[in-house]
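6 protein chains.
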Amino acid sequence: MEISRNAFIGCDCGYEEAEAVIFGAPFDSTTSFRPGTRFGPMAMRTESFGIETYSPYQDRDLSDFMIFDSGDIELPFGSPEKPLEMIECTATEILDDGKMPFLIGGEHLVTLGAVRAAVKKFGKIDIIHFDAHADLRDDYLGVRLSHACVMRRCNELDGVGKIHQFCIRSGDRSEFVYADKNTDMNKFGFDNLAEAVNELKEKNTPVYFSIDLDCLDTSVFPGTGTPEAGGVSFNELLNAIIRVSECNVIAADINELAPMLDPTGASTAVACKVLRELLLSVLGNKKERI
Amino acid sequence: MEISRNAFIGCDCGYEEAEAVIFGAPFDSTTSFRPGTRFGPMAMRTESFGIETYSPYQDRDLSDFMIFDSGDIELPFGSPEKPLEMIECTATEILDDGKMPFLIGGEHLVTLGAVRAAVKKFGKIDIIHFDAHADLRDDYLGVRLSHACVMRRCNELDGVGKIHQFCIRSGDRSEFVYADKNTDMNKFGFDNLAEAVNELKEKNTPVYFSIDLDCLDTSVFPGTGTPEAGGVSFNELLNAIIRVSECNVIAADINELAPMLDPTGASTAVACKVLRELLLSVLGNKKERI
Amino acid sequence: MEISRNAFIGCDCGYEEAEAVIFGAPFDSTTSFRPGTRFGPMAMRTESFGIETYSPYQDRDLSDFMIFDSGDIELPFGSPEKPLEMIECTATEILDDGKMPFLIGGEHLVTLGAVRAAVKKFGKIDIIHFDAHADLRDDYLGVRLSHACVMRRCNELDGVGKIHQFCIRSGDRSEFVYADKNTDMNKFGFDNLAEAVNELKEKNTPVYFSIDLDCLDTSVFPGTGTPEAGGVSFNELLNAIIRVSECNVIAADINELAPMLDPTGASTAVACKVLRELLLSVLGNKKERI
Amino acid sequence: MEISRNAFIGCDCGYEEAEAVIFGAPFDSTTSFRPGTRFGPMAMRTESFGIETYSPYQDRDLSDFMIFDSGDIELPFGSPEKPLEMIECTATEILDDGKMPFLIGGEHLVTLGAVRAAVKKFGKIDIIHFDAHADLRDDYLGVRLSHACVMRRCNELDGVGKIHQFCIRSGDRSEFVYADKNTDMNKFGFDNLAEAVNELKEKNTPVYFSIDLDCLDTSVFPGTGTPEAGGVSFNELLNAIIRVSECNVIAADINELAPMLDPTGASTAVACKVLRELLLSVLGNKKERI
Amino acid sequence: MEISRNAFIGCDCGYEEAEAVIFGAPFDSTTSFRPGTRFGPMAMRTESFGIETYSPYQDRDLSDFMIFDSGDIELPFGSPEKPLEMIECTATEILDDGKMPFLIGGEHLVTLGAVRAAVKKFGKIDIIHFDAHADLRDDYLGVRLSHACVMRRCNELDGVGKIHQFCIRSGDRSEFVYADKNTDMNKFGFDNLAEAVNELKEKNTPVYFSIDLDCLDTSVFPGTGTPEAGGVSFNELLNAIIRVSECNVIAADINELAPMLDPTGASTAVACKVLRELLLSVLGNKKERI
Amino acid sequence: MEISRNAFIGCDCGYEEAEAVIFGAPFDSTTSFRPGTRFGPMAMRTESFGIETYSPYQDRDLSDFMIFDSGDIELPFGSPEKPLEMIECTATEILDDGKMPFLIGGEHLVTLGAVRAAVKKFGKIDIIHFDAHADLRDDYLGVRLSHACVMRRCNELDGVGKIHQFCIRSGDRSEFVYADKNTDMNKFGFDNLAEAVNELKEKNTPVYFSIDLDCLDTSVFPGTGTPEAGGVSFNELLNAIIRVSECNVIAADINELAPMLDPTGASTAVACKVLRELLLSVLGNKKERI
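Chains as they are written, first to last, in this note's numbering: chain Z, 152 to 441; chain A, 152 to 441; chain S, 152 to 441; chain P, 152 to 441; chain G, 152 to 441; chain L, 152 to 441.
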């Protein structure tokens, strides 16, 4: 009898032959409102069997690629320093083995670990960031390693060039002031995405791509700690992802699904489809570029 | 004291005088992911009292028509053969009495029973099919009478001409290949619906109209076994239904509501409104054509 | 140690210095379908800490204004006469103190209490009414003080000029007939809102602004007693509110959130954001007009 | 085709031949905490198909008796006077036709209507009352026709002898003081029930039997507006019902199920089984006494 | 990187060295009321990390034993014949390899597959059956392979000696009549369990042990399709399991958890603890007997 | 107009005159399974209006005492050090002002902050600890300030004498070994509680009383992160609390309610009643001892 695996649909090759590696970071200890994103990656694996491996949008299939799902890192709860180190370590291993890491959160803070690894590997990167929230606070109730500060912390890293933010529609006034001076913030939707992508393509800048799923409208994605009205539709997000994948994406993450907050399961189903399309577009475009 | 009936709002005339008959087929035994559509028709009856009989969209009222709601057929669970026979039998009785059947599922497989009855009655029909899923598999884990195969089975019936599919955004690759050769598949939305309807009107083809409610976006209709992101809005569906009702619709169904999966009740409320608009447009247009 | 207050975020100044006063009317005894709006105002206070005080849409912050949240009136359940008196009394006190009242329901009937107070204070007012339902019945099962009759009762008040209704998509036939003769009804969305606002601005008519949150689509706002498909999006509502705030708004309400009906919490989050934007636009425009 | 009825399982004979009549009173307008009992009787009918008609406890079957379920009275919402009149009127009709009424609430206030009818019919009755709450307030926020006052109102009726209360574990101090002087209150459980029943049997006193299902422990019956810890188990309630049915029970009710408050459905399942056992024991013992 | 496994806590040895094998049968197609037990085994694996491997009741630890969790069999939905064959086949393989099978359902019908395998292997067995429902119908709406008939079908197998039923408190009259003549039925609880076990021990009869978790009270285990009030407590079930494990248990199953029906997760947590105690008592006693 | 307060029912006196002070610690960052206890204290305040201030068990009323509810401390999320300091600081202030602190968690780790304050104040204390889980791990995934270690950390404090543990039914083997040597552990229930209390009374030992509500059975209290079957009933807990209050209790806490995990609200209602009875018994007995 075979061992029962628990992998995202169509992502069941071995590590050695994999071109891409999915790993989950079930961490939500700094979440300030409603926790539960720790259950995000596991729920996405289980519920992925409600979608297909094939995308009629891209006419590509997960079985066309070699993807390994390594499961969740076993992270301690409480202080974020140790979990961030463990995430960085895993992402580094994957990058050093010449594979592309796809991180599933957990809260958005997990991105910092993967970005550190990407900077270490590539020297200089830009970040494309889809989110309802600016995540640019200097601290949150005195805590600097908080989900509400993650893009501020990323921006302070040597090696991170420009952060291109889209769909932002929430933050305190100081975050928007900070963004004016320090990031390429695009409020509410995807205006200017095409221009940003074109510039990054021309320069072949390595791009870290971080998707906070709450960029989606609350109607599409209520299953998250801090749903924020006025977001984009699934189709808008899909088109934006396909657009971004024209860049030289070197790592990506998808985070902030809190599956128990949406008992209909629709949020998890949406997250699964976003991950499938992200994998297919990034890996497919990479293959075509070769 | 009167007997307490349980009928869809405004559908309480007697069978004899009825021009249309609603019947429920509470079957979901072949559902491969999340079951629960068996509770769909009963929930729609109970919750229909949250909507009105009058439509401001069409300026028509259910009380303008003679509609009988015969309740649910008592179907055995397990093997689908017997339930399909019982559905076919009921639809046949209704058609033979010169009334129009409106079937409420249940899973989509129930359509096969009603289509068999329609073919027997009208000889040659086309099908208009709104759905997120192609439902064109040849078998599902070896089972050929499965919700995932229902349009394939319909297509194999003598007497079924063309199946016009709309909103399709999920399936495995083989289904899309099959569709290219065998059906009139229109992906994602209602592009080309006007043309298809015009052609059917010109030829006065008898049309069976099957609505899988998961054609709607997951935000509008999360209460279904396999919600699929990227669907149409309620207003888009409403307009499409009104458009289809210009054809010679001879029978229709609406299916895949799993009411317990959406604890807000919004999915059931949407389903009730879709059924009201379907009844009003199909019966209203029929009357006007006379 | 300080007393623990329970106020909507950013609305924690004292009554004396306040320019605006929020008060809740937790009443839902005439609700005919699914009750629960009594919990609306309390849920909005608790959950308001999931949003920010700052609006990137308007570049205004609740902390720029002096707003007092006086909590919920303690209303008896059952007969509506006494609660309506108590609501009228509170609104009158606020208006007489030169402050602007913002009422949170509760079911829509609570509006009648506040409108009575506004008429007493201003003599002659118009009402702008956003709602899925016409609320123009003469009685509901023999009851004339019912949520389904509230705009009919308002219309009968001396001092109420024209009621401008938007987003209406449900009612029985008689309500639409009544509207044709008696109100400025605009079905389905916000067509003609700009014209109505311009006319009211020109005449500087005092405007009572009543928002039944079920004007929103069921996908955005399932957490209400009678969700009605085909509504407007959050962004459409937001723009309409900003438009209305160009008028001489002298009081406003927001009602029909039933928080327990949406276990995802998204409906409550939406309601909080609507209230923030309503406060900022009405109070901000008022300040600018001075 | 037959009309689809909606009756409690096994209660589908005609009115004429019936020895007992079930009727629902979907009223909860005076509920002061969490409403929703209006959906109780309808949910019990729908979910009754999850239980059997046969009781292994009593070796009796609902099909052994002639029971008619007349559905729900269509009650207006808001003021309680009119609904109470309508309930009294229905109960009177049933009693005058020589049948036994079984009322399903709704909130506990509905009992008052049925008790008025019973007093009118029998002149002098006692009441056996199972409840977590004393329901002996003189008024609730100034309202005297409130669920919290129902047993006080019953006690004030000429013709009501003694009210025997069991399982009481909540109330304000004044209610317990009132009980000391005015009712036969037995706190927490069923101590002294046997004695009370024996005395009533000896005198053959006509007994109205009112069961507020929140007498059950919150673990067994969370689906009610005001769950109160420390209640009795299902088996204890079952034995108590069988005991009470040795009296000359002339009418009964069962109330306070709020089905939507328990998404597991277990509370509704419990309520159905309680009603079955109540019907079988009261009707069975009555038959045996003849 | 290691492959991510999905096994019940503490059950992660390899197949070869295993003394016991857990396998899931996610089948619920014949469920007549509320489906969803198909998700039972997967939910138990995921949620098992909320309990410990150690039992303070037995002072034993899952790590003291060699247990392999082989995951779920991939079963087709619809007709039960094929799934039953596949279950029988898996159980046979395990038994033939000298290991003890522990089957997790799914609906109770899955037991029939495992019992067939046990009879094939051991020739003559008795069954100990804990359940709220008799499961002794000859057919259910004409279907003979139904969860409601499973013990009748087992009883008809050559090789099945006596079925000892406990906790039975639901069924139609005919089932209780059948039981009188054909099974050792013990109603309501565990009276006579000690005697039955002693007799089986004396004769060293091979015993198949089937636990339908709805033997538990609805308060303890609401997460099942047909919760039935009046069941046993967890501690009563625990003691009964320890008692049964004194027999020569040769295979066992645990079934009817429908995890989505209990959003608190308590039912799944209970099921996990029952499985742990079952494994520890059966395997521990077996080891001690050697 | 008055400011709207948010206090536990009957706990609304001022700080100065208070004899007891309630304060909430909404912290759950080290929770390893299902988070959400951060919402516990706020939910208890809101839902406390579903219970009465009067206890028929003790014939005492919250209005007989002077209790101030100071609301929740605003704690940062993530690392536990700072929150523990803030809790200790608040408890110290209360104790130094001669009042008795009642802490509402949050996860169980919050107890450590209050125990530190108690030790500082009283020099030498014992702890009475009701819990399903031993909480005696030395670390959890390397973290020593974890809810799973809280009683181990307390035991290491100078000044903490004996920890008397009751209801313990979960832990790994090492915790039970540690308990054998280091604590007075009583498994499963309240056996030996009377003896322990008598001894503490005789010596007049200052007692810190910590109640993890998951000592209750999962049926009574499913709304907690790690429900553990086989716990005590509400009445057993109530009697145990009354018993413990005979000691010289100098501070107490109640924790681990995660209100969103039990959508029925019953768990929150139970927690409210436990807190009422705890306040009444501890404060009542204290008064009587004087």
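Among these hints, one or two may not hold up.
Heads up, the list lumps identical chains together, so a pair's fine if it works in one copy or across two of them.
[Unchecked claim] Capping the alpha-carbon separation at 30 Å, the derived lysine-lysine pairs in DSSO-like fashion look like this: (1) Lys250 / Lys332; (2) Lys332 / Lys313; (3) Lys233 / Lys438; (4) Lys233 / Lys354; (5) Lys438 / Lys338; (6) Lys338 / Lys233; (7) Lys250 / Lys338; (8) Lys233 / Lys250.
Honestly, the hints are just simulated from the structure, not real lab data.
Because the structure is a prediction, the values reported are computed rather than measured.
Hints versus structure:
Taking CA atoms no more than 30 Å apart as the test, lysine 250 paired with lysine 332 passes in neither setting, with 35 Å inside one copy and 39 Å between copies. Proximity of lysine 332 and lysine 313 under a CA criterion of 30 Å is satisfied intra-copy only: 11 Å inside one chain copy versus 49 Å between copies. Taking the closest pair of Cα atoms, lysine 233 and lysine 438 never come within 30 Å of each other, the shortest separation being 35 Å inside a single copy and 42 Å across copies. Neither within a single protomer nor between protomers do lysine 233 and lysine 354 lie at most 30 Å apart by alpha-carbon distance, with minima of 35 Å and 45 Å respectively.
For the homomeric pair lysine 438 and lysine 338, the shortest alpha-carbon distance between copies (26 Å) is at most 30 Å, but the shortest distance inside one copy (32 Å) is not. In this assembly of identical chains, lysine 338 and lysine 233 lie within 30 Å of each other by CA distance neither inside one copy nor across copies; the values are 33 Å within and 35 Å between. Proximity of lysine 250 and lysine 338 under a CA criterion of 30 Å is satisfied in neither setting, with 33 Å inside one chain copy and 34 Å between copies. Taking the shortest Cα distances, lysine 233 and lysine 250 sit within 30 Å of each other inside one copy (24 Å), while across copies they are farther apart (40 Å).
The structure shown violates the earlier hints numbered 1, 3, 4, 6 and 7.
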